[in-house]
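Undergrad: Each chain, written out:
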Amino acid sequence: MIVEEGDYFPKKATEGLTGIHFKYIVVKGLRLSREPKTKQGVFMDKKKWVTELAKIVGVGNVLSAREDLIVYECDGHTIDKAPPDVVVFPTSTQQVVDIVKFAHREKIPFIGRGAGTGLSGGALPLQGGIIIEFCKMNRILEIDYENKRAVVEPGVVNLHLSEALSEQGYYYVPDPSSQASCTIGGNIAENSGGPHTLKYGVTTNHVLGLEVVLPDGEVIQVGGKMEDPLGYDLTGILVGSEGTFGLVTKAMVRIMRKPEAVKTLLGIFDTVDDASSTVSGIIARGIIPGALEMMDNLVIQAVEAATQIGYPLDAGAVLIIELDGFKEGMEELADQIIQVCKENRVREVRVARSEEERAIIWKGRKGAFSAIGRLSPTYYTQDGVIPRTRLPEVLRKIAEISQKYGLRIPNVFHAGDGNLHPLILFDLRDKKQVEKALEAGREILKVCVDVGGSITGEHGIGIEKNNYMPWIFTPEDLEAMRRVKAVFNPDNLLNPGKVFPTSKGCSAEAKFYGKVA
Amino acid sequence: METAESKVLNLGFDNIDPPNYDRILGCIHCGLCLQKCPTYRELGVEADSPRGRIYLIKSVADGILSINEKFVDHMYLCLDCRACETACPSGVHFGEIMEAARGQIERNWKRPFLTRLIRDTVFKGIFPYPKRIKLLASLLRFYQRSGLQSFVRRSGLLKILPGDLEQMEQMLPPLPASAGNLPEVVPAKGEKKYRVGLISGCVMNEMFPFIHQATLKVLTENGCEVVIPKYQNCCGALNIHGGVREVAKKMARNNIDVFERARVDFIIINAAGCGSTLKEYGILLEHDPNYAEKAKTFSRKVRDISEFLVKISFKKPTQEIRKRVTYDDPCHLIHGQKISKQPRIILESIPGLELVELKEADWCCGSAGIYNITHPEMSMKLLERKMACIKATQADIIATGNPGCILQIRMGVQKHGMSAEVLHPVELLAQAYE
Amino acid sequence: MDNIIKELINIVGEPHLLTSEVDLYKVEGRVPKAIVFPGTIPEVSEILALADKEGISVIPRGSGTKVYLGGIPKRVDLVLSLTRLNQILEYEPADLTVMTQAGITLADLQSTLAQRGQFLALDPPFASKATIGGILSTNSSGPCRLLYGTARDLVIGIKVVHPGGMVTKGGGKVVKNVAGYDMNKLYIGALGTLGVIVEANFKLRPLPRMEKTLWAAFPSLSTAFEAVTRIFKSELSPAFLELFNPSAGTLLNRVMKIQTPENSFIVAMGADEVPEAAERQVTQAERFCKESGATDTLILAGEVERKLRRSIREFFTLATTHTRTTLSCKASIPPKTVGELFQIADKMEKRYEVPGLLQAHAGNGIVYIYFSRPETPVETWVKIIEELRTSAVNLGGNLVVELAPIDLKERIDIWGHPGSSFRLMQGIKAQFDPHNILNPGRFVGGL
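Residue numbers (my numbering), protein chains in the order written: chain L, 1 to 517; chain W, 1 to 434; chain S, 1 to 447.
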């Protein structure tokens, strides 16, 4: 792979650049030339793009300066990078249509983006081109309490929707940890989860209808305020299509009454094994809590450093168990849960007695990912899923992997769903560590797959795990997916390079991070 | 901790106080700061978000970008309100990174001549010198009261000034009569429990003499002997925000020396912006071999007035104030110093006072030091947002603990033809001590 | 065809191919030439490869309980029965997941799960006979979808055999999974037109500790619907919330031997919960009903309650056996418009003199309409359907004709038009079944 050393890298800069940043760009083969290129290699003056796009959205809603673009070269997944050639901010469906039609006509790759909080690189414009940034389409168009539905534009921030519903006692259920920033449009693309999915399901279970701009600029409506739309469940297949099928410009979502009672318990355990058995024990009793979250010792330490909420620093694991529903019977359920905890040698169970105490318990969990930033300058987040019963075994294996590579791997995860988030700590500037981290991540996912699990529970495949897809899907499975994609996105101009494995002819990992297996 | 490698990577910056690369890496790009950033919320542009700005700074450090006009614009559109620090679960010290980057800009970026002249005059020619501030204030008083102001405004003379200055002229509220020179020591009322120093500041002294008087009263009522060293100077906050770090360091060193001589238990500040700066002298001077330690000692003694009062279990007031009051958190108090409960505790202690919560109280009012002068458009947007929330409270009094915010909100109140007063919480407490 | 039959025998063996009594397997009056009963997935694959090559049409079939659904097939050559694929493949109670073949009946599956105190939270009609594959393909659901959702909410993995023989799976065995596109959704409710579902993985739930039902009678639609609305919008989370018009209510009363005033609208609400919470829900709902003007309320538990649930779930069978049902439709509309549709249906009942039974999963906006009087001319039925459909569409939903005589089905669009996304549906169909061999012409828009 030859780097086109255009003015993206000033000569002087690259000479001294020993850091990993440079290396990645080289090895991942991203196009670095600032000269905009269309897919067929036809060159079109970028100034002309900007002029054309500005005609659609106004000059103030187009970004094309290098300083403005470079910040869009990655999202919450920072290992891969690819800058766009231009960013546009539409404010209406019609503008999106016009932008898409322009891109389609000129064969320019394009991609939708919300808040850029995704963790699998879903918002990376791998082939450059246009980023269609939806943050200015952020109106809540309708709240229909009579039907328990809300109609929103894609740029509405997840938490803002729940805040708008709060006064009437309603909320929007899916609550990814990034809910304070992430957008509903992004949630739909990635089929986002969150701690409360155990009982109430993920994004797909709460989206009823969409308005979508297809990659050729046609606008379609799928689903609606009714529950059973006609024909194939296109809403269902669009949710979680990682922005490769179409651009959502409007979404009809379910809203729910807030549970009248919530009880949040914090169980503190000496070992991860005890905490894991407690999870199984609770489920075995026929109790499905609203949320069931676990953090191990390293995470406890980081969270405690960030929030000082009083987790004992020597605890092996903490479980956050949240019951929600009716006041009646809740005490008894809580007692049963405490009983299960005791049977599994819990050191202490704390019960939140006020909304404030509950918020404190959750603050630790919601901020856990980022708090890890205190332990290590960089980390690599995994998102494997395993059958709940295999939890102790898999956690032990992760510990072994941690030892093998000499990297710390804290674990924070949705224990109830078996959705693990091992965070592999490494220093981005140490080449050896980076390789080890990637290797360790690969091994962890392999362990998850071996016990019958999956490589991603909520973060998506994106550019991060596309080459692990063959671990869980046969060529035929992938072919079926390709066929559906071909219907929606036949020219592959929308968000190219995602989801599907890209390295034909060499081992899956060869391309990934540039290591030849 | 600065490693050899991190130095290598600081390609686009010079070696004087470059943004700390390890601390830059602390930002994991999660984006949880986005919706708490006033400029991102207004513009939706990644480069005007906290993580975007850090990314730009990192790109310069990596040698991928150079310091140029675009970069400078993004750096200065930041209010430095630090709301992102509160939102950040990784504990990134955004303010510190931003201020270091601005320091680099001031040294390595040439502004247009007139802007440079004005900035030099303000940051280097006026703020470091208390006497010049006093003189300037006297001149302004003359300008405002002699009828010259109305003449100038009518004449259209202002049009020949660069945008910044014209805006500055319009922002200026009528100055109250000078407080004159504050005494150097004010004895405690009753038994002396503490010996504290008071930062008299720059603007505060000239524009808000009543707040100083109230502060003195409240402190002495609570058994404090208050020392107001004569040779102290402005804290340097505006210089730091403006990237004029070397001057700020000089000012800091002087203050450190002056207060060291005063031998006080605590150093009290009644302006949030200054408090935040004073508490960070330790960082400002961390590479100064002679002052690094002294600065840390100094910073450890600094207390915001509300923080101090609550800590010492202040005397409960007895006089009723039958008013509806709302409290607006100054950014540099809630985000810069994590102080938000204390001022509310003080207000709630006043008999008869009804404290109503202000929606988005933790949101910047747009004042941000001299931001309202340099970026009037964004500043006004934020002020309008703030005023909408304030109106909803129907409060008689808006309390807030920072001079910039008081000025800004007063301007908003005036613009909206409201009758509400804008006061510092200690002013209310002092009243209630009558 | 004879050669093909020989090849089919080669694939499944003589005993598993039926060429006599094929009449029993007819679809909308069209008799297939053979019925094939594969015993393994490779067999299904071979059959579909053969069918695709030879261009013979295939009607996938479970127990045939919902064979009345859909348009008249263009061709009916081969019925592919999945009843031999009836094994539970993996069941790990502690994981609350199960992997099963498609030919198993829901009843058999539930009884295995019940032994471990768990269940698959689907309660479609024909529960004793319906197979998993059939339930998924028809997206069959029941009253309890209000609390538990429908198949799309419960399937975590699916295995499908496509025309040409390609075997693919979507999802997996774990309850949370976003690897790859959510292919499960595509096959649910596709009426077997994209592929034949051969296996499915589900997430399960623990059996509720207590089930209670509130039964309330109202003198008018407005009072009944007010109660429905209050329950729907309240903090209660009922397992089901049903509304019946007086003739449907009377039928249920008769079956259940419940006495309520003549001509009452009936509201039924179920609560699945821990005992205290179930009790609280029905009590509060009872209060809502009384405040809204209920003349009679009844709280049921135990054996009677179970029977009542069964009757509500199997209302299709009740309606079709107790009346001479000629036309049944399913409307899916926004929940708050259910009352309006009841009014519209009532008017049509009077105008066209066709007695109607109405059942609504009110919280879901699903309304089942059963009109009887077979002697009504086809033209009138066509009009009724057109008017009903226009109303449903205007209310923001759709209307699907389910049961109808063949001569009527020939005259109408069974499904209604799916709108702007139809082009995509055609595209998807063309990708998976290019020769149109699976259930040709039975699905939306003739797919």
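Fair warning: there could be bad hints in the mix.
What the hints assert, rightly or not - Residues on chain W that point at chain L, a partial pick, calculated with CB under 10 Å:
#, residue
1, G26
2, G52
3, K70
4, G91
5, R385
6, M387
7, C389
To be verified - Covered, in the sense of this in silico footprint (three residues per stretch, anywhere, with C-beta under 8 Å from a C-beta of chain L), are these stretches of chain W:
#, stretch
8, 27-34
9, 38-46
10, 76-89
11, 368-379
The hints are simulated quantities; they were obtained by calculation from the structure and are not laboratory data.
Computed from a prediction, not measured in an experiment: that's the story for all the values here.
From the three backbone atoms N, C-alpha and C, an ideal C-beta is built for every residue, glycine too.
Undergrad: Of the numbered hints stated previously, which ones are contradicted by the structure, given in increasing order?
TA: 5, 6, 7 and 11
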